[in-house]
Amino acid sequence: MSQPILSLVIFLPLAAALLMIFLPKDNKNLLYGFALAVTVVTFALSLFLFFGFDVRTGGPQFVEQAAWLGDGLQYHVGIDGISLFLVLLTTFLMPLALMSSWSSIRDKIKEYLVFMLVLETGIIGVFAALNLFLFYVFWEAMLIPMYFLIGVWGGKRRVYATTKFILFTMLGSLLMLVAIFALYSHFHEATGAYSLNLFDLYKVPIDPKVQSWLFLAFALAFAIKVPIFPFHTWLPDAHVEAPTAGSVFLAAVLLKMGAYGFLRFAIPLFPNAVEKFLPILAVLSIIGIIYGGLMALVQKDIKSLVAYSSVSHMGLIMLALLSLNVEGTVGSVFQMLNHGLSTGALFLIVGILYERAHSRQIKDFGGVSRPMPVLSVFFLIAMLSSMGLPGLNGFVGEITCFFGIFTANKVYAVLGLTTVILTAAYLLWMFQRVMQGPVANERISSFRDMNKREITYLIPIIILMFWMGLYPQTFIRKIEPSVVQYISLIKNDRRVIVHKAAGLPVKWGLRQKDNKAR
Amino acid sequence: MNGFAAAAPLLVITGAALAVLLLEAFVNKSNKNYLAILSLIFLSICALFCARSWNAGLAYFNGMLRLDNLSLILIALFLITTAFVILIGMKYFSARALNGGEFYGLLLLALSGLIIMVTSLNLIVIFLGLEVLSVASYALAGLNLRDSKSAEAAIKYFMMGCFAGAFLVFGLALVFGTVRSIDIPDIIAFLGAASGPPVLGLIGLGLIISGFAFKIAIVPFHMWAPDVYEGAPTPVTTFFVVGPKAAGFAVLFRMLVPLWKESSRSGSIFDFLWALSALTMIVGSLIALRQKNIKRLFAYSSIVHSGYLLIAILSGDGTGLVFFMAVYLFMSVGAFGSLIALSYKDREYGDLSDFAGIGFKYPWIGALFTVFLVSLAGFPPTGGFLAKFYIFVGAVRQGLTPLVLIGVLASLISAYYYLRIVAYMYMREPINDIEIEMENPALFLVLFLCLFGVLQLGLFPGNVLYIIKQAVASLVGF
Numbered sequence: 001m002s003q004p005i006l007s008l009v010i011f012l013p014l015a016a017a018l019l020m021i022f023l024p025k026d027n028k029n030l031l032y033g034f035a036l037a038v039t040v041v042t043f044a045l046s047l048f049l050f051f052g053f054d055v056r057t058g059g060p061q062f063v064e065q066a067a068w069l070g071d072g073l074q075y076h077v078g079i080d081g082i083s084l085f086l087v088l089l090t091t092f093l094m095p096l097a098l099m100s101s102w103s104s105i106r107d108k109i110k111e112y113l114v115f116m117l118v119l120e121t122g123i124i125g126v127f128a129a130l131n132l133f134l135f136y137v138f139w140e141a142m143l144i145p146m147y148f149l150i151g152v153w154g155g156k157r158r159v160y161a162t163t164k165f166i167l168f169t170m171l172g173s174l175l176m177l178v179a180i181f182a183l184y185s186h187f188h189e190a191t192g193a194y195s196l197n198l199f200d201l202y203k204v205p206i207d208p209k210v211q212s213w214l215f216l217a218f219a220l221a222f223a224i225k226v227p228i229f230p231f232h233t234w235l236p237d238a239h240v241e242a243p244t245a246g247s248v249f250l251a252a253v254l255l256k257m258g259a260y261g262f263l264r265f266a267i268p269l270f271p272n273a274v275e276k277f278l279p280i281l282a283v284l285s286i287i288g289i290i291y292g293g294l295m296a297l298v299q300k301d302i303k304s305l306v307a308y309s310s311v312s313h314m315g316l317i318m319l320a321l322l323s324l325n326v327e328g329t330v331g332s333v334f335q336m337l338n339h340g341l342s343t344g345a346l347f348l349i350v351g352i353l354y355e356r357a358h359s360r361q362i363k364d365f366g367g368v369s370r371p372m373p374v375l376s377v378f379f380l381i382a383m384l385s386s387m388g389l390p391g392l393n394g395f396v397g398e399i400t401c402f403f404g405i406f407t408a409n410k411v412y413a414v415l416g417l418t419t420v421i422l423t424a425a426y427l428l429w430m431f432q433r434v435m436q437g438p439v440a441n442e443r444i445s446s447f448r449d450m451n452k453r454e455i456t457y458l459i460p461i462i463i464l465m466f467w468m469g470l471y472p473q474t475f476i477r478k479i480e481p482s483v484v485q486y487i488s489l490i491k492n493d494r495r496v497i498v499h500k501a502a503g504l505p506v507k508w509g510l511r512q513k514d515n516k517a518r
Numbered sequence: 001m002n003g004f005a006a007a008a009p010l011l012v013i014t015g016a017a018l019a020v021l022l023l024e025a026f027v028n029k030s031n032k033n034y035l036a037i038l039s040l041i042f043l044s045i046c047a048l049f050c051a052r053s054w055n056a057g058l059a060y061f062n063g064m065l066r067l068d069n070l071s072l073i074l075i076a077l078f079l080i081t082t083a084f085v086i087l088i089g090m091k092y093f094s095a096r097a098l099n100g101g102e103f104y105g106l107l108l109l110a111l112s113g114l115i116i117m118v119t120s121l122n123l124i125v126i127f128l129g130l131e132v133l134s135v136a137s138y139a140l141a142g143l144n145l146r147d148s149k150s151a152e153a154a155i156k157y158f159m160m161g162c163f164a165g166a167f168l169v170f171g172l173a174l175v176f177g178t179v180r181s182i183d184i185p186d187i188i189a190f191l192g193a194a195s196g197p198p199v200l201g202l203i204g205l206g207l208i209i210s211g212f213a214f215k216i217a218i219v220p221f222h223m224w225a226p227d228v229y230e231g232a233p234t235p236v237t238t239f240f241v242v243g244p245k246a247a248g249f250a251v252l253f254r255m256l257v258p259l260w261k262e263s264s265r266s267g268s269i270f271d272f273l274w275a276l277s278a279l280t281m282i283v284g285s286l287i288a289l290r291q292k293n294i295k296r297l298f299a300y301s302s303i304v305h306s307g308y309l310l311i312a313i314l315s316g317d318g319t320g321l322v323f324f325m326a327v328y329l330f331m332s333v334g335a336f337g338s339l340i341a342l343s344y345k346d347r348e349y350g351d352l353s354d355f356a357g358i359g360f361k362y363p364w365i366g367a368l369f370t371v372f373l374v375s376l377a378g379f380p381p382t383g384g385f386l387a388k389f390y391i392f393v394g395a396v397r398q399g400l401t402p403l404v405l406i407g408v409l410a411s412l413i414s415a416y417y418y419l420r421i422v423a424y425m426y427m428r429e430p431i432n433d434i435e436i437e438m439e440n441p442a443l444f445l446v447l448f449l450c451l452f453g454v455l456q457l458g459l460f461p462g463n464v465l466y467i468i469k470q471a472v473a474s475l476v477g478f
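Protein chains in written order, with our numbering: chain A, 1 to 518; chain B, 1 to 478.
The hints are simulated quantities; they were obtained by calculation from the structure and are not laboratory data. Glycine included, each C-beta is placed from N, C-alpha and C at the ideal position.
Examples of chain A residues lying across from chain B (beta carbon under 7 Å, computed):
| id | residue |
| --- | --- |
| 1 | 137 |
| 2 | 140 |
| 3 | 152 |
| 4 | 171 |
| 5 | 178 |
| 6 | 182 |
So that you can see chain B by itself, here it is in the shape it has in the complex:
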């Protein structure tokens, strides 16, 4: 019975996903908000199960699923993300006369994929989770049926996702061929211990990393991201920016950090990731400078953030990584939520020039958006600063100073493109006189919670940091 508890969060969410999909199919009701509320209830139940498993170290299916404290924290982040996305999506879909019912069901399905990814150490199980997530994501990206860009996003995401999946499976085959196991600890022990690890094994690991690099949008595996982020409905984009990225990094963390321990941070895999991190930060920042569309701009900025997170992977700094993810959750949801707040009927503010003068026209949205942008740019006293601070400190202590220098230069460039939005909002005269719809309490609740999160994590992160530190310290083999 004890073992079954390890699967409880997953079962609750999968059950919820199916229930919502079935209700959507068989109950004929035009207002879909009841589905949102139902989903939120299920999320809270799942959160309860997670809270009860804290420090219990549960495992199920011979350790195929394990709920250690790190996975619990990550699940908590996913639950918060999903709840936020549901809340900001409620009005969005009904305002556009889109069928919101599928949105909730698919979102919960994607969430179950995320949970699988972070609760296993077995690469096949992780791959299953990734596929559950991906299939749901393709459908989510195409939800806006009337927009050809949304369809384009779905197809692009699908093609690239298949490609990435193929990389991953091929890598798995090679690794299994050399190591004769598909459990992460075995693979690490084998690749780390063997004097001069077998080439095929290394190639396999490289392919697996590339597969995940697609998901977390690292240069040069990032090409899909701007199109998908732009085309997908904004609430869905919010989910993509936070969820899959956090899960992908969690897997990389579990896989690679023990490897650094074994092979003392040398070897081709480490250099490969070092180069990817530098490339991601440089290319992402430079392209972001040229963007005129705000969602594409955010896509590139999220790519740059992946570069920062890779630094944490390289320095083996689990606390910094998870703390960054937590902060990133609040500031990204906040930023995208502000974009949704600035939409009217079925159109959203897209081009930078649309933002001219809105800071003074809508003081609350303007102020909130500014705080999130300032946090994304990494100014104190917001969480964005502290998150970068911890990652960079950890990296300098591991001797990764050159990478940190690239990181701070990327931050400098990012300050330019984030503040440019602020400059449009506050330092130009308004050009359009379209009135936006202000009646959206769920959205504003989320925005204020995100504001609270960003400031709390920037000023008094004590408890959160303590919990994360405990969780990372309790991991075996790190």
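Excised from the complex, chain A in its bound form:
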């Protein structure tokens, strides 16, 4: 790879953010135009990644490596079929989110856009990093812009929500940091070399007891991010208080970072521990599915209903990931993209409604489809996508997930299936109360329908929903090779075999040699 396209995609938004500091702060058109242009260019660049992607290999592509800090703390990025689409999801949603902010963010526009651009760099960096240190840097650095986005442009309880968000996330990630230290020094002891390169770490066996601790530290960080029940309490607060674009990014992309973390780090690095803790995680995911669904059912606020639906759907994504087979994992990755699109669209629509009504309470609405027929169509499609109606993306994702889960464990599959019923129940019931029936009050009948800008930023999402539902091969053929490689990585017996006589794990004598040879 001669051109550093991936690094460009990662750092272009950051560079633009720095430039933006010097733009005049009162010129709204210039600021939005500039930010939008940058994010569109970033998306266009990321399409090069998509079209240049080689489906014949499951390994990372577009790899770039530099020594950076030395001693294994490298700059090392690359994407495989799994991270490719998460990067694309980010670059795709960013311009749309910015367009949606045009009317909702009215003051401190410059700072807002700067933070959004920095956020984009952070998120793409997380998905592209192949070095644990670099990953952690992006993972933490991304918290700061999010902290500001919720805290400055959020709702009434924004300071509380953003503080809770950042403290929860940091609690997990700091413990993960200690686990990273331990991995770093373990690798040094085992091989005599320094590395936090993911592919080097995959090769080194770890004592099962130590694995359990390290896995727990990693799993906690990711479980908070996903969020897995009972670590989800920050999510409804953050989602409800965040501005629309912030909620879109929280739900569509940030939650995926947790699931992605399990997939890329926690599960393949600690195979023995995964075996041990799998039932607990699966049960927690199922509780999340049901609990999130039931909570969504009783929400009075549309935004927090969507937020709880995220808890439920992320539970399904985790359950599919934990099936540890090809179908389940492909389904899980595909479902991550679906959830990003459908929840993103739902948050955007709730944002549109909020701009009209200045309320998100379900009881303040009723019969909205009459003054807003176009919105009603978009809402319906987004909702059906979330419910998994055949022909839309959600169906493909859910069915693949359940194939995987069923192969792995039938009981989990049956319990997990409740999500289908619950999702249909809370979404349809909400839709009925908000959009259908007689027009509830005078104000609603005066609502303007969606304007051109709003249609422009929702149309691409709707097109993708149909595309992913009708011809998922475009995506799955790129995801699958990487998933196959991932599954073979966790299935090939890298687990530490315990000598029965001595009770000691087999040490890494052989590996030490070939590492030195390298």
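Let chain A serve as the given structure and place chain B on it in line with the hints.
Chain B alone, transformed into the frame defined by chain A:
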């Protein structure tokens, strides 16, 4: 002649201090900025001497003063600190109609004390350095004559300093009584080698450590710090937070790390410091949570940072220690400098609620302050993250994982209290409409240099780390 060069940095600074004090006394000039410029010139001359002695391994007075590479790096840090403090102090003192002349002289005197402390391996000489530093510090703390808090700070600092000095001297007497030498290498060899080291010697060493623990503000020897940091004029506080702390840790490093080598990290001294480190991080963080006054908050946060630095002492990680000090210099000076930037006439922003809404009112100061706070909280990609990273990695590799866990929890709490300031600045409506004085180029120069330092050390610390590694590796007996 060669030997004399080892004393050159010290002589330059002492000479400068005397010259500035004399000029202040005999030249009748109301604008004191010429003294600041003179001091800066002397600092640069001293820096030149230091640069020339790199790798030379100079020693003087039978090795009483030695300029090894570690002391040179530390002196460089002190010179940068002092230069920054002078620059941020220029306007501060003239705006308050305070006599700035003494400020420069005393500051240089304190600097000479710091230089003595880090260039010797003889405990008596180190004690002399400490006393020179302390006496100058007491006067510095009380410089704001019109503020009773400043006077309180000076007296408190003086009392506690005397107390600490007494500890130190008593410890020295006990150690000399058992070891019959006052040179650090002899003491280490004796205490390390003796099977079951003599109790009196250990008590002596414990007292010496306690004496230094006062200076570097470690719990439970920290009581003076919040009052002094709050009461002293802000530029002076900046100096206290960085200089004496770095020097104290340098002495502890030279004294204790060889001891770990001899006694393989066991024994009462190691456990004593382990407990102090844990206690410092826990107590410091918890009390910091309750602070409303920003300078007191910074005082407790600096106590917590002492806890992190103790981890580096325990794991014997010289590189991590010095790198942390370098980063800490830039972020502390930056943070205090931002506080000074936010002062108007003779009043400063003190209470947290004063900061409400200023982030958008003064975008540059707000942004700079935020970067320094984020770095203090240890977020990447700032230097604060990398500094903690190296210290914690070093500690995990030495099996100090429990301490590191306490450290990261302290970091978590610190994120709360640092970000709370950010939340006030950006997420609340402004309550006071007092206009601050923006005309202060020297201060803004320092702030931007600190910003550069914090980001450079966080993103591309390669050269700095390399130099520090070389210096630590070249030490004998480590």
